[in-house]
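J.: What follows is each chain in one-letter form.
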Amino acid sequence: MASVFLVAGFLSSVVTLPGSAWGQSVALQVQVIYAANQEGGVDSRLGGLAENLKKTFRYSMYQLLEAPKGSAALNEVWRTTLPDNRSLEITPTAIADGQYSLTVRVLLPDGKAPVNTVVRLRRGSTVLVGGPSHQKGVLIIAISAS
Amino acid sequence: MAAYAADELPPAERARLAFVVEACPACRRKVEAYQLATAGLRGLPRVGLTASEAAAFLPEVNRRIDQGRSVAARPVRPGLREVVWDHPRLSLASACTAILLLIGLTLSQVQMWGLSGTAGRNGVEIISVDVDEDASVMVFQPPGTSLKIIWVFEDSST
Amino acid sequence: MPGPEERADDRTLVGRATRGDREAFGTLVQRHQDRVFNLAYQVVRNREDALDVAQEAFVKAFASLPSFKGEASFTTWMHRIVVNLAIDCLRRRRRGDPATYDDRLAVPEDGGQSLAAPDDPEAALGTRQVRSLLSRGIQALPPAHRAVLILREIEGLSYEEIARAVGCSLGTVMSRLFYARRKLQKVLRPNLDDLR
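Residue numbers (this note's numbering), protein chains in the order written: chain E, 15 to 160; chain D, 20 to 177; chain H, 172 to 367.
Hints may be right or wrong, so weigh each one.
To give an idea of the interface, some chain D residues facing chain H are shown, with a C-beta separation under 8 Å as derived from the structure [stated by the list, open to error]:
{"no.": "1", "residue": "E41"}
{"no.": "2", "residue": "A52"}
{"no.": "3", "residue": "Y53"}
{"no.": "4", "residue": "L55"}
{"no.": "5", "residue": "A56"}
{"no.": "6", "residue": "T57"}
{"no.": "7", "residue": "A70"}
{"no.": "8", "residue": "E72"}
{"no.": "9", "residue": "A74"}
{"no.": "10", "residue": "I84"}
{"no.": "11", "residue": "R108"}
{"no.": "12", "residue": "A112"}
Hints were generated in silico from the structure; no laboratory data involved. Quick caveat: nothing in here was measured; it's all calculated off a predicted structure. Idealized CB from N, CA, C, for every residue including glycine.
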């Protein structure tokens, strides 16, 4: 009887353990946005993000350069290229129901990583990493996970 | 030791323990305490009814029977302490199970993020930011938006 | 010269009582009331409760007479009823009013002679101290453990008889007895030097 309890308890605890134990993967969506003070207006493909960008920044133009998507398993590095020979690396480091811990790095051509951040996102939320210069403005990288 | 003190052991076992008790002062003291307890209990005076209680006893019993008084309330269930005392292994197993479940549930929620809990109100929490020594960073959430922004101010040479 | 009722053994009296002979039942009550009261008292440690438990035990015995098959003695059968009622009383008391321990009111059958030997005051003091410590230890025991200890050490029942009386397995009896004895031993051990 006691052993039944122990086994049941052990199984329950294992089932409720972090999803990392079960090899889940994270779907990643990235929007690479070029923001500058020049003609061009707001790219309609930005959808709801555009409104928030306009509230936050004083740029007159927001253009969606690319929108790469992918997925990565726990501790697997997902890479995509960015303008100006930069690259973006996203690595899920923890996954639980609806929440993701991600390491985000923006790398320069020489491999240096001027930006290395760890963020925790709830499903459907977006974090922005911005500031790398691009042409006459800056890049703003919007990252979300699901 | 209790059985030894109460003289309830088989001869071979008793002889073996006698050797241990002889050599161990703490054991001797324990045995003495057991023996004192047993002798004390057996020497407790029997408690009897007083004369008036004895005379009134049977009439009271008959009165209760004639009244059709239902005998006692339902048996009272043992308390937690009694259950633990009576079933120590099952109690320990249950406690371990409960602790395991709690750990599992907590870990699944905390997810190695320590005590900081889940992502912030807007669903985003910045855990850490490292930047080059040539750069500086600002983390902010613009009012009126649901955004969390990590803004890097690069060195002009990049 | 004992009358016919007094001469009849318990089994015969039970048989008659089952068929509605209240006089036979009355004889059984009078024959066993002191013993039943003492057992109840040793468990509940309160005179008023003990009286109530003892009387209720006989009421319950009367109601259960048809189920008395006679495999065990009437005494053993009563043990079971008394112990269970006493345990229930203790549990109810623990959840309600705190225990009203009044061992001072106990009237020993020997009129109190056992409490003190006039020619040995020191021994009397030691005995009183032991009993005081023992009473404290017994009070701290869970009801079921207390009952097993009383049945073993005071009533002198065997393990099997205790198991039948309390309605549990032999292993449970031994386990409860072990813990109860250990508890009492722990109460007495620190004071051994004073009690020798």
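J.: Run every hint past the structure and note whether it holds.
T.: To see whether the hints hold, each was checked on the structure:
1. E41: violated, 18 Å
2. A52: With a closest approach of 4 Å, the A52/D hint holds.
3. Y53: Holds: closest Cβ of chain H sits about 5 Å from Y53/D, inside 8 Å.
4. L55: holds, 5 Å
5. A56: Check passed: Cβ of A56/D comes within 4 Å of chain H, closer than 8 Å.
6. T57: holds, 6 Å
7. A70: violated, 10 Å
8. E72: holds, 7 Å
9. A74: Check failed: Cβ of A74/D comes no nearer than 10 Å to chain H, outside 8 Å.
10. I84: Nearest chain H Cβ about 5 Å off; hint holds.
11. R108: violated, 10 Å
12. A112: violated, 16 Å
Checked against the numbered hints given earlier, this structure breaks hints 1, 7, 9, 11 and 12; the rest are met.
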